[in-house]
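Chemist: Using the sequences and the accompanying hints, generate a full structural model.
Residue numbering for the sequence shown follows the working numbering, starting at 1 and increasing by one per position.
Worth double-checking, as some hints may not be accurate.
Unchecked claim - Label-pair restraints from in silico Cβ distances:
id : residue 1 : residue 2 : range
1  : P41       : P9        : 28 to 36 Å
2  : G60       : V10       : 15 to 23 Å
3  : P9        : G39       : 16 to 24 Å
Note that these hints are calculated values from the structure, not bench results.
Each residue gets a CB set at the ideal place from its N, CA and C atoms; glycine is no exception.
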Amino acid sequence: MIPPASPRPVQLGPLLARRRLARGWSQQRAAAELCAAAGVPTLSRHEVSRWERQRRVPGGFWLGWLAVVLDVPLVVLAEAAAATRRAGSTRATGPGRAAAAGARPAGRAGPGRTGGTTRGGGARARTTS
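Modeler: Right under this line is the structure:
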């Protein structure tokens with residue numbers, strides 16, 4: 001017999017926060033533990049916060065290290081990450097945020113683009129040699 005599906009699949013953010021708090025760790029400590037385990041010194045508490053608030057979903061590399069550091073089976077984290085991705089994040093596209101995926105903030109030029117003007121507001125002069 002197959003058990004009935006859970007009405008709301010477990011999402012990753014709350015799961016990470018619960019496991020971190022169960023260890024008595026701050027987000028800073030969790031980031032430090034992840035850095036030490038993975039040998040990558042660049043993860044900050046800000047990224048841990050983004051994961052917990054579901055602003056971002058960690059990829060496979062960090063899911064593997066989260067499983068090790070938080071002592072959670074990787075399959076549980078992978079399923080929670082998939083549920084989070086399927087559900088989307090209404091916070092990330094709420095009022096005042098760009099709704100289109102990959103939209104750039106106003107006033108920022110992307111790769112291969114220029115602002116078209118100099119700092120003083122005049123047109124850029126082209127010189128030839």
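Chemist: Which earlier hints can't be squared with this structure?
Modeler: Hint 3 is the one this structure does not satisfy, whereas the remaining hints hold.
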